[in-house]
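**Student:** One letter stands for each residue in the lines below.
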Amino acid sequence: MNLTTHKRTINRIEEGVTRKDPLFDEIARYYFFDKKKFTAVHKSIQAWLKKHKTEEAHALAGYASYLDGDFKGSTRFFLKTVAANPDNLDNWMDLAFSLRHQGEIAMSYTILFHFDLAIHYYKRLRLRTGDLKQFKKMLSLILSHAK
Amino acid sequence: MFETYYPKRFCKEFVAAKGDSLQLTMIMAVVMGLKPAMDDWVPAQRFDAYQKACRKYGLFVETDAVFQITPENNIPLNTVGRQQLSTTKAFGSLYKKGQKKGAVHVFLSRSKDHLRQAFANGWYPLIIKNRVVDRPLADTFRYGQCLGYPACCIRFFQSHNNWYRFSYLHEAYLNTASKKGSFLCNPFNKDLAYSYIYHMPCSYRCPKTARWASRVKDLITSEEPEFARSIDFHLKRPYLVFYEQKYYAFDGVLKDRRLFYKKAFFSGGVKDNNLYERQLETGDCLFIEGKDIVILKKGRIVERIKPSEKGFAPETPFIVDFS
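In order, the protein sequence lines correspond to chains G and P. Using my numbering, read the first sequence as starting at 1 and increasing by one per residue. Using my numbering, read the second sequence as starting at 148 and increasing by one per residue.
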């Protein structure tokens with residue numbers, strides 16, 4: 001796996017693809033079948049994150065945290081990926097499941113059941129932060145609106 | 148055969164609440180602390196009664212999405228990810244207290260921690276706003292552990308659960324040394340209540356599965372002995388297996404690779420998968436030739452079943468005997 005050449009492809013809703021980034025599942029297979037390889041990949045991700053604060057780097061760091069059971073960490077990283085590219089549905093789905101693991105069920109459900117509204121209002125409100133509180137407020141409003 | 152079972156006492160409230168005895172053995176196993184957690188589907192209009200039953204038996208329960216189970220041909224062709232749906236095909240919506248339609252996906256456990264773990268990893272692929280929404284593969288891999296499945300079976304599942312490449316159940320058959328199954332490891336009644344397990348084992352003689360199933364059997368024997376006898380009766384027979392949720396139990400005997408039978412029963416649970424019952428009923432003997440099922444009546448060939456050879460869910464039929 002060559003992280004330096006990896007380029008995250010945007011998965012826009014209208015393109016009609018369930019998921020574009022295969023790396024989450026690939027790294028998961030390393031985690032469950034080849035711990036040595038996962039450890040090596042994890043180290044590469046950490047090194048890359050030190051140099052690059054990009055959507056790609058944050059997504060990979062999010063995957064590694066998720067697999068390690070650090071869901072507070074993975075949520076933090078996926079909030080950054082959403083902030084970097086709110087049009088990318090993969091970012092939102094990763095965030096939704098990370099929030100589910102954290103017990104933030106209402107937030108998770110809002111994204112899972114109203115992903116289109118989450119993207120629309122996030123962009124309309126011009127939210128560009130990784131602030132969980134602000135994000136929670138926005139999702140709560142979406143859920144009320146959707147009801 | 149395979150009708151709803153009504154316990155005399157133990158956990159009878161669950162059958163009354165749900166209107167069926169699906170997963171009754173697993174509910175009993177959770178109540179007695181043998182199984183850390185499970186998930187279930189409860190008709191929404193019956194959820195209050197189900198919740199009451201959970202309280203009576205000391206179980207915590209958590210609701211997830213509501214499923215509107217649907218036949219495949221009711222799913223619009225332009226649904227994103229349509230081809231990825233496997234055994235469960237359903238539209239998903241948020242659960243609202245008091246709602247009457249659909250089946251509520253719930254998680255049960257005696258332990259809040261086990262419940263939380265099962266819930267966190269237990270999302271099922273659902274169609275939401277014309278798109279299949281599925282969980283990360285990591286959650287799928289972890290979920291077996293949450294449900295108390297043996298480590299070897301979880302590992303086997305992680306390696307072989309790929310509907311584009313494998314028939315998982317056939318791979319488990321290849322992994323069964325003597326090709327004769329132990330009834331304790333028979334998963335083919337799991338969608339009809341008469342099973343001591345709910346997972347697909349790594350082989351039909353998996354020692355860990357057999358040990359766990361034996362404990363479940365002992366528990367049920369002590370509480371509802373008639374139910375245990377009935378489960379054994381339903382399990383100890385030969386099966387013809389095509390794919391997941393597509394298999395048949397027989398009143399019959401397997402001899403020299405030929406299955407001589409009086410009756411065939413569809414035990415796959417999903418009625419849409421019952422494609423061959425009519426053909427099987429025309430015969431009294433069958434054998435496998437290549438991938439075809441050849442059916443005979445009084446020694447003469449009367450039918451030939453050619454299973455699906457499509458790329459997704461490839462079928463490799465086999466006969467496994469649990470008698």
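Don't take every hint at face value.
What the hints assert, rightly or not - The calculated label-pair distances, taken between Cβ atoms and stated as ranges, are:
(1) E456(P) with K20(G): 24 to 34 Å
(2) K20(G) with G245(P): 51 to 61 Å
(3) K137(G) with R362(P): 46 to 56 Å
(4) K36(G) with K355(P): 25 to 35 Å
(5) K155(P) with R12(G): 27 to 37 Å
(6) D131(G) with K243(P): 28 to 38 Å
(7) D25(G) with E373(P): 19 to 29 Å
(8) K36(G) with I216(P): 55 to 65 Å
(9) Y311(P) with R12(G): 23 to 33 Å
Derived by calculation from the structure, the hints in this document are not laboratory data. These numbers were taken from a predicted model, which means no experiment stands behind them. C-beta atoms are modelled at their ideal positions from N, C-alpha and C, and glycine is treated no differently.
**Student:** Indicate, hint by hint, whether the structure satisfies it.
**Tutor:** Evaluation of the provided hints:
1. E456(P) with K20(G): 24 to 34 Å: 30 Å, holds
2. K20(G) with G245(P): 51 to 61 Å: 39 Å, violated
3. K137(G) with R362(P): 46 to 56 Å: 49 Å, holds
4. K36(G) with K355(P): 25 to 35 Å: 26 Å, holds
5. K155(P) with R12(G): 27 to 37 Å: The hinted range 27 to 37 Å is violated for K155(P) and R12(G), with Cβ atoms some 58 Å apart.
6. D131(G) with K243(P): 28 to 38 Å: 30 Å, holds
7. D25(G) with E373(P): 19 to 29 Å: 46 Å, violated
8. K36(G) with I216(P): 55 to 65 Å: 42 Å, violated
9. Y311(P) with R12(G): 23 to 33 Å: 25 Å, holds
When each numbered hint is compared with the structure, violations occur for hints 2, 5, 7, 8.
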